[in-house]
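J.: Residue numbers (this note's numbering), protein chains in the order written: chain A, 1 to 113; chain B, 1001 to 1112.
Hints may be right or wrong, so weigh each one.
As the list claims (entries may be wrong) - Derived Cβ-Cβ restraints for the label pairs, each shown as a range: (1) A/LYS80 <-> B/THR1027: 32 to 40 Å; (2) A/GLU26 <-> B/SER1051: 26 to 34 Å; (3) A/GLN45 <-> B/ASP1038: 13 to 21 Å; (4) B/ALA1078 <-> A/VAL15: 44 to 52 Å; (5) B/ARG1060 <-> A/ALA9: 25 to 33 Å; (6) B/THR1073 <-> A/THR3: 25 to 33 Å.
To be verified - Just so you have them, the derived chain A footprint on chain B, three or more residues with Cβ under 8 Å: (7) 1041-1047; (8) 1102-1109.
Calculated directly from the structure, the hints in this document are not laboratory data.
Idealized CB from N, CA, C, for every residue including glycine.
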Amino acid sequence: SQTIHQWPATLVQPVGSPLSLECTVEGTSNPNLYWYRQAAGRGLQLLFYSVGIGQISSEVPQNLSASRPQDRQFILSSKKLLLSDSGFYLCAWSVLGAGAEAFFGQGTRLTVV
Amino acid sequence: ELKVEQNPLFLSMQEGKNYTIYCNYSTTSDRLYWYRQDPGKSLESLFVLLSNGAVKQEGRLMASLDTKARLSTLHITAAVHDLSATYFCAVDIRVYGNKLVFGAGTILRVKS
């Protein structure tokens, strides 16, 4: 069966520090991968999605970047965090095809102080 | 640009009552998903609706899709406290791989 791992679960970082969040998927090949952000009490904002190694689409201009160095690994990064980067970051995967619902990782709660 | 609108955004209801959450979207799509999120937790998939007229039921929840009206509903029957959560609908845009756009979510509180 497929599983998705996301870490760390919580993170407190100072303004201006770098960020690296990692997500890996097991049990499937060539998944679509996604990074979402959820601000407190708000909906989900799609940040990046990827349909293959090295293929990243960015949804909104921001202080973040994403990379997919391996088929089942998706990394969210920042060189210098801003206060506005605080939020709940969710990684998700799906497979291309009918009924391809997205399955979410447990999320990383990031607080920038 | 695809817009997905849910209403109501907040719903407080008594146990045993029925209610419906609505999800409207602005562009053609025949794939719609409903998710549940408990406070501080990730999202759990509830329903996948893949065609016009699709209806899915699980326990006290029933979801339907009308692609012509660009509307999905999530109906709650005889609500119980355990259904308290935030419910999101999401629409799939197949422009480049699969891309889900989420509504703002409906916070449901079921009172005893």
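J.: All the hints need checking, so say for each whether the structure fits it.
T.: Against the structure, the hints come out as follows:
{"no.": "1", "hint": "A/LYS80 <-> B/THR1027: 32 to 40 Å", "in the structure": "36 Å, holds"}
{"no.": "2", "hint": "A/GLU26 <-> B/SER1051: 26 to 34 Å", "in the structure": "31 Å, holds"}
{"no.": "3", "hint": "A/GLN45 <-> B/ASP1038: 13 to 21 Å", "in the structure": "20 Å, holds"}
{"no.": "4", "hint": "B/ALA1078 <-> A/VAL15: 44 to 52 Å", "in the structure": "49 Å, holds"}
{"no.": "5", "hint": "B/ARG1060 <-> A/ALA9: 25 to 33 Å", "in the structure": "31 Å, holds"}
{"no.": "6", "hint": "B/THR1073 <-> A/THR3: 25 to 33 Å", "in the structure": "32 Å, holds"}
{"no.": "7", "hint": "1041-1047", "in the structure": "holds (count 5)"}
{"no.": "8", "hint": "1102-1109", "in the structure": "holds (count 4)"}
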